[in-house]
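Go by the hints and put chain V onto chain E.
Number of protein chains: 2
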Amino acid sequence: MNISEKITALRRLMEQKGWDAAVIPGTDPHGSEYLPERWQHRKWISGFTGSFGTVVITRSHAGLWTDTRYFIQARKELEGTGFELHPLRVPDAVDYPQWLAGTLPAGSVTCIDGDCMSYRQVLVLRQYLSVSGGSIVNTPNFLDQTGRISPPLPLSPVFILEKQYSGQRTEEKLAWLRGQLSSRGCSHILLGALDQIAWLFNIRSRDIPYNPVAVSYALVDSRRATLFITPGKVGDNVRMVLREQGVEIVPYESLISVLEALPLGSVFMADGDTLNYTLFNLLLSRFGSAGVKDLPSPVILAKAIKNPVETEGFRKAFLNDGLAMERFLFWLEKSMEQDIPLTEKDAADKLSWMRTLSPDSMGDSFQYVSAYGANAALPHYSASATSSSRLEKKGFFLIDSGGHYLYGTTDITRTVPLGPLTPLEREDYTVVLKGMIALSRAVFLKGTQGAHLDMLAKDPLWRYRRNYGHGTGHGIGHFLCVHEGPQDIRLTWKDQELLPGMVTSNEPGIYREGSHGVRHENILLCKELEENEFGRWLGFETLTLCHIDTSAIVASLLERGEIEWLNLYNKSVYEKMVPFLTYEESRWLQKKTAPLT
Amino acid sequence: MNISEKITALRRLMEQKGWDAAVIPGTDPHGSEYLPERWQHRKWISGFTGSFGTVVITRSHAGLWTDTRYFIQARKELEGTGFELHPLRVPDAVDYPQWLAGTLPAGSVTCIDGDCMSYRQVLVLRQYLSVSGGSIVNTPNFLDQTGRISPPLPLSPVFILEKQYSGQRTEEKLAWLRGQLSSRGCSHILLGALDQIAWLFNIRSRDIPYNPVAVSYALVDSRRATLFITPGKVGDNVRMVLREQGVEIVPYESLISVLEALPLGSVFMADGDTLNYTLFNLLLSRFGSAGVKDLPSPVILAKAIKNPVETEGFRKAFLNDGLAMERFLFWLEKSMEQDIPLTEKDAADKLSWMRTLSPDSMGDSFQYVSAYGANAALPHYSASATSSSRLEKKGFFLIDSGGHYLYGTTDITRTVPLGPLTPLEREDYTVVLKGMIALSRAVFLKGTQGAHLDMLAKDPLWRYRRNYGHGTGHGIGHFLCVHEGPQDIRLTWKDQELLPGMVTSNEPGIYREGSHGVRHENILLCKELEENEFGRWLGFETLTLCHIDTSAIVASLLERGEIEWLNLYNKSVYEKMVPFLTYEESRWLQKKTAPLT
Numbered sequence: 001m002n003i004s005e006k007i008t009a010l011r012r013l014m015e016q017k018g019w020d021a022a023v024i025p026g027t028d029p030h031g032s033e034y035l036p037e038r039w040q041h042r043k044w045i046s047g048f049t050g051s052f053g054t055v056v057i058t059r060s061h062a063g064l065w066t067d068t069r070y071f072i073q074a075r076k077e078l079e080g081t082g083f084e085l086h087p088l089r090v091p092d093a094v095d096y097p098q099w100l101a102g103t104l105p106a107g108s109v110t111c112i113d114g115d116c117m118s119y120r121q122v123l124v125l126r127q128y129l130s131v132s133g134g135s136i137v138n139t140p141n142f143l144d145q146t147g148r149i150s151p152p153l154p155l156s157p158v159f160i161l162e163k164q165y166s167g168q169r170t171e172e173k174l175a176w177l178r179g180q181l182s183s184r185g186c187s188h189i190l191l192g193a194l195d196q197i198a199w200l201f202n203i204r205s206r207d208i209p210y211n212p213v214a215v216s217y218a219l220v221d222s223r224r225a226t227l228f229i230t231p232g233k234v235g236d237n238v239r240m241v242l243r244e245q246g247v248e249i250v251p252y253e254s255l256i257s258v259l260e261a262l263p264l265g266s267v268f269m270a271d272g273d274t275l276n277y278t279l280f281n282l283l284l285s286r287f288g289s290a291g292v293k294d295l296p297s298p299v300i301l302a303k304a305i306k307n308p309v310e311t312e313g314f315r316k317a318f319l320n321d322g323l324a325m326e327r328f329l330f331w332l333e334k335s336m337e338q339d340i341p342l343t344e345k346d347a348a349d350k351l352s353w354m355r356t357l358s359p360d361s362m363g364d365s366f367q368y369v370s371a372y373g374a375n376a377a378l379p380h381y382s383a384s385a386t387s388s389s390r391l392e393k394k395g396f397f398l399i400d401s402g403g404h405y406l407y408g409t410t411d412i413t414r415t416v417p418l419g420p421l422t423p424l425e426r427e428d429y430t431v432v433l434k435g436m437i438a439l440s441r442a443v444f445l446k447g448t449q450g451a452h453l454d455m456l457a458k459d460p461l462w463r464y465r466r467n468y469g470h471g472t473g474h475g476i477g478h479f480l481c482v483h484e485g486p487q488d489i490r491l492t493w494k495d496q497e498l499l500p501g502m503v504t505s506n507e508p509g510i511y512r513e514g515s516h517g518v519r520h521e522n523i524l525l526c527k528e529l530e531e532n533e534f535g536r537w538l539g540f541e542t543l544t545l546c547h548i549d550t551s552a553i554v555a556s557l558l559e560r561g562e563i564e565w566l567n568l569y570n571k572s573v574y575e576k577m578v579p580f581l582t583y584e585e586s587r588w589l590q591k592k593t594a595p596l597t
Numbered sequence: 001m002n003i004s005e006k007i008t009a010l011r012r013l014m015e016q017k018g019w020d021a022a023v024i025p026g027t028d029p030h031g032s033e034y035l036p037e038r039w040q041h042r043k044w045i046s047g048f049t050g051s052f053g054t055v056v057i058t059r060s061h062a063g064l065w066t067d068t069r070y071f072i073q074a075r076k077e078l079e080g081t082g083f084e085l086h087p088l089r090v091p092d093a094v095d096y097p098q099w100l101a102g103t104l105p106a107g108s109v110t111c112i113d114g115d116c117m118s119y120r121q122v123l124v125l126r127q128y129l130s131v132s133g134g135s136i137v138n139t140p141n142f143l144d145q146t147g148r149i150s151p152p153l154p155l156s157p158v159f160i161l162e163k164q165y166s167g168q169r170t171e172e173k174l175a176w177l178r179g180q181l182s183s184r185g186c187s188h189i190l191l192g193a194l195d196q197i198a199w200l201f202n203i204r205s206r207d208i209p210y211n212p213v214a215v216s217y218a219l220v221d222s223r224r225a226t227l228f229i230t231p232g233k234v235g236d237n238v239r240m241v242l243r244e245q246g247v248e249i250v251p252y253e254s255l256i257s258v259l260e261a262l263p264l265g266s267v268f269m270a271d272g273d274t275l276n277y278t279l280f281n282l283l284l285s286r287f288g289s290a291g292v293k294d295l296p297s298p299v300i301l302a303k304a305i306k307n308p309v310e311t312e313g314f315r316k317a318f319l320n321d322g323l324a325m326e327r328f329l330f331w332l333e334k335s336m337e338q339d340i341p342l343t344e345k346d347a348a349d350k351l352s353w354m355r356t357l358s359p360d361s362m363g364d365s366f367q368y369v370s371a372y373g374a375n376a377a378l379p380h381y382s383a384s385a386t387s388s389s390r391l392e393k394k395g396f397f398l399i400d401s402g403g404h405y406l407y408g409t410t411d412i413t414r415t416v417p418l419g420p421l422t423p424l425e426r427e428d429y430t431v432v433l434k435g436m437i438a439l440s441r442a443v444f445l446k447g448t449q450g451a452h453l454d455m456l457a458k459d460p461l462w463r464y465r466r467n468y469g470h471g472t473g474h475g476i477g478h479f480l481c482v483h484e485g486p487q488d489i490r491l492t493w494k495d496q497e498l499l500p501g502m503v504t505s506n507e508p509g510i511y512r513e514g515s516h517g518v519r520h521e522n523i524l525l526c527k528e529l530e531e532n533e534f535g536r537w538l539g540f541e542t543l544t545l546c547h548i549d550t551s552a553i554v555a556s557l558l559e560r561g562e563i564e565w566l567n568l569y570n571k572s573v574y575e576k577m578v579p580f581l582t583y584e585e586s587r588w589l590q591k592k593t594a595p596l597t
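Residue numbers (my numbering), protein chains in the order written: chain E, 1 to 597; chain V, 1 to 597.
One chain only, chain E, in its complex shape (with noise of 0.2 Å):
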């Protein structure tokens, strides 16, 4: 079936039901970014494969609602399929609840899949719909119905992180789970997003491109721990490493049944932002409202707080990471030297290989951003096999990658220049320069929060009168997620405080349309500095270890505590690089390394 096709037959199942509109969103059952094939059901009905949006079919219309990042990629994806761009993140712009609730006749009804949806999400839904006495039918799947086959579960093998690595056994991660849930007067928590469960058993797997997690949902109570997810992915010798810390083991599909044979005056931790819909509702229906407290996981807190043996592993994880990338950085400008032909894929492909070299690896973390030039004006740009720009002596190439270790998760932004830069390319270098710099030497009270530290790297951009429209940092996760909250790093408006033990990643940019992108990024480890009689203050270590070229500044516009900063971080990462170097790579990052004056 093609695109349009698929849109007719579910059009037809649209008047058989009498439904007015279907959403088909983008995620999956867990609120996953990446997801496995059986809940792909928009990327089936759209040929849209960003990891961000969300379709909408009426019966006179087919839209696609997605943001920025995505809007050249949907265009293509798009082309000739009759959907419709509806951007989002743009002044003026109007997501699908409230195009719904402006197109749709009174008393309309609208489909939706419950389960990819969270509960929130359908409450806002049903806001804006009610206003026209317009109603929700939950039907999972409906897809399913006009000829979609859903792929089955993914059947990765689950392994567990030992304490070595994780730091915290999962019998006290419970045992603080149910401090958590004793305190708030509950009885049970039913988690189901996957990074959570992934932390909470100390279990990973391979189920889902670039995020190391399991598919599967956990019940917590005073006394016991299930996991539901299918038996086939857990060996013996996990499943015993869990029943010794008394975690029990159902299959995936068993949740509903077990939760309907739960006690009446259960009460439950649910957080709605998280759960999904047909869950949420489930639990309400059985136990009521006063059986269900839509509260915020304590899980994705204390997740994102790295105990010592997390931030350890992290540093560990950035040596590793480091080495690989110098060592690309390294080929690349030999290679360049040498005219050996190169496309942003074929870099892209050499560093994910370097760093599979690398011990402990465990993959990427990301789709690699690997663009020259213009291309690297889109801060999401992905070069594919049929579309991959070559590589030129001249202006910038920008790369952003990450890897998973047994210890850490990376993520980290080179720009490179090639070769003759412009004026405004160089002075684009540093102003960027600046913003990471000041975000990194940040000293701040405890308290503080996202949108304030924001500020700290956009100041020195915004004297240049130039910006970037994505945020500064995000959350990462320990070998986990490398998109992670609750924290972040943007204008936005957030109620996060930064605490100690928090990893943030620190990433301006500036991006000319049809000319370049320059980003830096590195990752920063939140740190308790001191407590004086004004408070207690909090700064940053930087956690990534990886030259940044120097011949691309234009060193007028530094300050001298900028400069300081900068020759005090090459000369770091030459000292801990060195010792595992070949005498020739040594010898070039010693150049690479050298202080700017």
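No copy labels: a pair is met if it fits in one copy or bridges any two.
Pairs of lysine-lysine residues, derived as DSBU-like cross-links and limited to a Cα-Cα distance of at most 35 Å, are as follows:
1. K76 with K446
2. K576 with K393
3. K446 with K527
4. K316 with K446
5. K494 with K446
6. K592 with K334
7. K494 with K293
8. K527 with K494
9. K576 with K350
Please keep in mind that the hints were generated in silico from the structure rather than gathered at the bench.
Coordinates of chain V only, in the frame set by chain E:
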């Protein structure tokens, strides 16, 4: 009657009426910060004279709730009265609604004066009390039943602020306001905040200390505009000018009967944050919830965005004010050199007198903070006739003062070195200056909010692990209240962007108990800079004209750009002042403004 007799009388009344608690707020029916004697209920019952605080009396407890600014003053004023101080804006502070909810028995009755509390304040109190079935009784002026005699309404004459100062005639403002009403589907707006009324009708008066406003209400519909005010305050001339612009004058006391005579079906725009509970409730009970739209008054934002005539007026006011300041600083330095004994109060009186010599001076804009040495460590210290420290030839003297002029209002703080300084004093002086300069030089995208900008002032202090507990910036009225909204610059989140035309203070500080305090305060005008591919850029023009003493600076702590800003600033002060100075004064100022190298 002394305090304890007053409390006894109130408790007798409470017993008669069956009240468990009585709330005596520190404001008036117009939500004023400074108030006429008539409504100084809180001062009458407690003796506390600060500008912020609430008294609560129960059968067994008498408490005052106030914030950090007034702890010392409150402790002094409450001594021996039996009042207990409840601190606010400290960690784990418990405000009075919460305290009452935790203290009163189930089914309690709390008496309030609904004239002197905003609708929103009462809603909050009611919500707390309702948890244990508590209720509220609204008895305006209940202290009059305990022996207090309400002073009469103030009778200062009203005068018109001509268009040459206001920039916009009342007719035009009314036409704009009517547009606001109709766009929100409202037929009427009732205004209670005195500065909003003064702005709308271009009137000023002296009913209240420091704030040049007239006690009044305003009612505007699509055809009529009514000013409710004591008739004796309005001369024939003013009456005629207002009548010409379509404003009718009606006695202050007739408001309620006028409201009650309005046709049912009227729809009010009413601001629950600024309108008092009694009036808001009256509207609700007469016009129903469909007839009262609780919206922020559109006058608040319009008043904050100064028009070109007002901004030009501000520049003139700051020139006058700077001259008064420079002459004062010259006099102070000469007096100290000549060993003339001076107290904090002497200095404040002198400066106030210097301001009265300025053309078009209209008095002080707030109670000066004139604080020597350790006294300056209390940000809101107030010297009085009975306790006023002597200035000595060492350390810092801090003076925070301001004036009204027909064309603008000023607010300025300078920290003046009077002799030898400790290294810490110098460092603090320099670091605070870095904070003030950073905000002065800010360049920011339209949409940036005060909590973002505050980080720019905080960052330079935080790098040295120093901080201050007050906000960095407040809005300033145009020959109106020295504190006005809606914008402010502080870390606490508030959904209000800075907009071109807004006038805001920039006043970081450092306070060291028992030792010294430093604050530098300039006033900033927000301006449009340019629009480019990244967005619309805004910045600030510094309005304040008064040199910053460079002798207290540790130059090595300043960056190149900071020194440039400072030298340019001092140079422009000198150039603008010199035509008005005596030869001796100008020689002195030339030295004071010599560039720092």
